[in-house]
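Participant: What follows is the residue order along each chain.
2 protein chains.
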Amino acid sequence: MTIPSSYKKIVLNNAPSKEVNLKYGEESSTFRIERTTFDKNSVKDGEMVIKMLYFSNDPAQKGWMQKGIDSKRMYLRILENDPVISLGLGEVVFSKSSKHSVGDKVTGRFTWEEYIVVNEERITKTIDESLGLPLTSYLSSVGMTGLTAYFGVTKVGELKKGQTIVISAASGATGSMCVQIAKHIVGASKVVGISSSPKKCKWVESLGADVCVNYHDTDYQKQLSDIIGDDFVDVYYDNVGGEILSFMLSKVKQFGNIVACGAISGYNDAEKGEVTGWPEITRNRLTIRGFIIIDFIKDFAEGINAIVGAIKEGKINITEDVSVVDLSKEIDVLAKVPETWGLLFSNKKPNGKLVTKIA
Amino acid sequence: MTIPSSYKKIVLNNAPSKEVNLKYGEESSTFRIERTTFDKNSVKDGEMVIKMLYFSNDPAQKGWMQKGIDSKRMYLRILENDPVISLGLGEVVFSKSSKHSVGDKVTGRFTWEEYIVVNEERITKTIDESLGLPLTSYLSSVGMTGLTAYFGVTKVGELKKGQTIVISAASGATGSMCVQIAKHIVGASKVVGISSSPKKCKWVESLGADVCVNYHDTDYQKQLSDIIGDDFVDVYYDNVGGEILSFMLSKVKQFGNIVACGAISGYNDAEKGEVTGWPEITRNRLTIRGFIIIDFIKDFAEGINAIVGAIKEGKINITEDVSVVDLSKEIDVLAKVPETWGLLFSNKKPNGKLVTKIA
Chain W
1 MTIPSSYKKI
11 VLNNAPSKEV
21 NLKYGEESST
31 FRIERTTFDK
41 NSVKDGEMVI
51 KMLYFSNDPA
61 QKGWMQKGID
71 SKRMYLRILE
81 NDPVISLGLG
91 EVVFSKSSKH
101 SVGDKVTGRF
111 TWEEYIVVNE
121 ERITKTIDES
131 LGLPLTSYLS
141 SVGMTGLTAY
151 FGVTKVGELK
161 KGQTIVISAA
171 SGATGSMCVQ
181 IAKHIVGASK
191 VVGISSSPKK
201 CKWVESLGAD
211 VCVNYHDTDY
221 QKQLSDIIGD
231 DFVDVYYDNV
241 GGEILSFMLS
251 KVKQFGNIVA
261 CGAISGYNDA
271 EKGEVTGWPE
281 ITRNRLTIRG
291 FIIIDFIKDF
301 AEGINAIVGA
311 IKEGKINITE
321 DVSVVDLSKE
331 IDVLAKVPET
341 WGLLFSNKKP
351 NGKLVTKIA
Chain V
1 MTIPSSYKKI
11 VLNNAPSKEV
21 NLKYGEESST
31 FRIERTTFDK
41 NSVKDGEMVI
51 KMLYFSNDPA
61 QKGWMQKGID
71 SKRMYLRILE
81 NDPVISLGLG
91 EVVFSKSSKH
101 SVGDKVTGRF
111 TWEEYIVVNE
121 ERITKTIDES
131 LGLPLTSYLS
141 SVGMTGLTAY
151 FGVTKVGELK
161 KGQTIVISAA
171 SGATGSMCVQ
181 IAKHIVGASK
191 VVGISSSPKK
201 CKWVESLGAD
211 VCVNYHDTDY
221 QKQLSDIIGD
231 DFVDVYYDNV
241 GGEILSFMLS
251 KVKQFGNIVA
261 CGAISGYNDA
271 EKGEVTGWPE
281 ITRNRLTIRG
291 FIIIDFIKDF
301 AEGINAIVGA
311 IKEGKINITE
321 DVSVVDLSKE
331 IDVLAKVPET
341 WGLLFSNKKP
351 NGKLVTKIA
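First to last, the protein sequences are chains W and V. Residue numbering for the first sequence follows the UniProt record's numbering, beginning at 1 and increasing consecutively. Residue numbering for the second sequence follows the UniProt record's numbering, beginning at 1 and increasing consecutively.
These aren't lab readings, by the way, just hints derived from the structure by calculation. Keep in mind that the hints are not guaranteed to be accurate.
Same chains, same label: a pair holds when it works inside one copy or across any pair of copies.
The calculated lysine-lysine pairs, modelled on DSSO-like cross-linking and capped at a C-alpha distance of 30 Å, are [stated by the list, open to error]:
hint : residue 1 : residue 2
1    : 72        : 272
2    : 44        : 155
3    : 62        : 315
4    : 44        : 160
5    : 312       : 183
6    : 155       : 298
7    : 8         : 40
Predicted, not measured: the structure shown is a model, and the values here were computed from it.
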């Protein structure tokens, strides 16, 4: 495969303090497209060139680029004028690494570029295509998303067979995996999803949730109270923060666990992320644990085995777990990458994992 | 000792939804004084009559009586027209229990009454006066307050020797014990107190805090940031919730612990208890644990031994740990009991444990 002498990349133009500005060419534009030149001779030993095929779209990226967050308080930062960091999947097209050959499909923490030059240490996984899983699965069910859900439910939430769990953003990438893992791997007695439309709720229920509540219903809290009942729930898996979390603080049983996986409600507007009901934590002796998936890197093999096993047994659905936005036919394949990522924060977000295909 | 044929008690008249109304005789009065008759013949086997000597004043009592809290979400409730529950210390004056004799001094979960009739199961501790500790210590350093601080710091916060800790309400009953336990029992390398006046801060420092910050200073957050530095702290012991907690979420290091012991800022006004900065929990993988002292009942002996040992070694100060309000000379010894308890929520709260003496 020929590598062009120059290719495009998207850099952080102006770090956003609230919502991103997805338009190009303005002073406040969050992103900027640049062209970068490439010389094969500059590739060092241990490095390789990867042609990017898919980008993973993750709400956490907002935090990485957000203005006003102390870098010492953030495990990963995207600086202005640097390429935007994104999990992704690509194909090795040139290699000076002994570990990876041309043609290998690999995942890792990459950047919004048509091609990237990276050291072999940056590769998370070389894909074993003999397993017959769709490539996009490696950015969802059997990628970081699936692992996040697996360790979040089993190790952070410590959900046990026969227990009950409520999962917010249940039609989202992580949430939809949490539902399936809780019901079909752990064997929860009751799995309650929270999502944003009747259609999404129906999908969440098709994945294994006993019931799913639409938080746009004005009486969603009453619906949840009725479903949860007086025994409350063992675990709340929180992807949203804010109002729903505040309500759920009053619905987790004594000595129950809350998994602080994400807080998307406040990513664009901190006020919406405000939490009330904190005294519930003391009175009902709740434990809240924050985590990010790299904390479990030593256990990844265990997680992958559990998930792949469940896929083979038909317990986890990989036919509907990804929504792919295909930009590969665009004249400029990168141009709409930010806009596609922006869907995460809109009500147009499709079910499951949102993946962008650029080649 | 003669037991009168009738005595007074204070009952919950009108459960408060926000601040208490300490005046008597109004419809919205939180409390009401009643007279109750007493007949020695009504005392059953296993029961005893206790003359109350001291009441412990605890912010948690506000939650027990608060209107609008679901009883299923509260480990203890005071119902309207029932006597107000309070930890206390009294002397057995009549006994049909084989475990307790007349003259025994005992502590337990009692009520705001001049005399109480209780089953022996309600007694937490029979005081061993041969230890030579002041009686009020059993409501502070070697009572539930000291145990709360001990288990909160060592088991919930998991503070280790050489680590750092910030403690809010550090001149309070629990806070002042936390400071001493962290510094002199655990051996923390840095203990930072947060309190409400220069005088209180000076006292907190005299107990062992390396430094104490007055949160009424407009730049208290900057002061704390400078003291805490870029290494952040291992443990934050939270007695207050709200703004200070929200700030401290950004000051606990990765994988650090927050002890959710109390949230007094929101007890009278839930809005002041609102928490911002929740995403810090995920990004920095914080663990927050709520607890109440009865969760550690099996370990009480260990805690008492550790604290009494530290007192004997001069590591814990019991000469200044209690502020006693003496109502025993009042014509009506109970009348000012609620008002005294109300000091907890005012800026007139004295240092350390606030104890009310009624006899």
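Participant: Each of the hints needs a verdict: does it hold here or not?
Facilitator: Structure-based check of all given hints:
1. 72 / 272: Both: 24 Å inside a chain and 28 Å across chains, each within 30 Å.
2. 44 / 155: neither (39 Å within a copy, 51 Å between copies)
3. 62 / 315: neither (32 Å within a copy, 49 Å between copies)
4. 44 / 160: neither (48 Å within a copy, 45 Å between copies)
5. 312 / 183: within (16 Å within a copy, 55 Å between copies)
6. 155 / 298: Answer is both: 13 Å inside a copy and 27 Å across each meet the 30 Å cutoff.
7. 8 / 40: Classified as within: same-chain Cα gap 16 Å, cross-chain 92 Å, threshold 30 Å.
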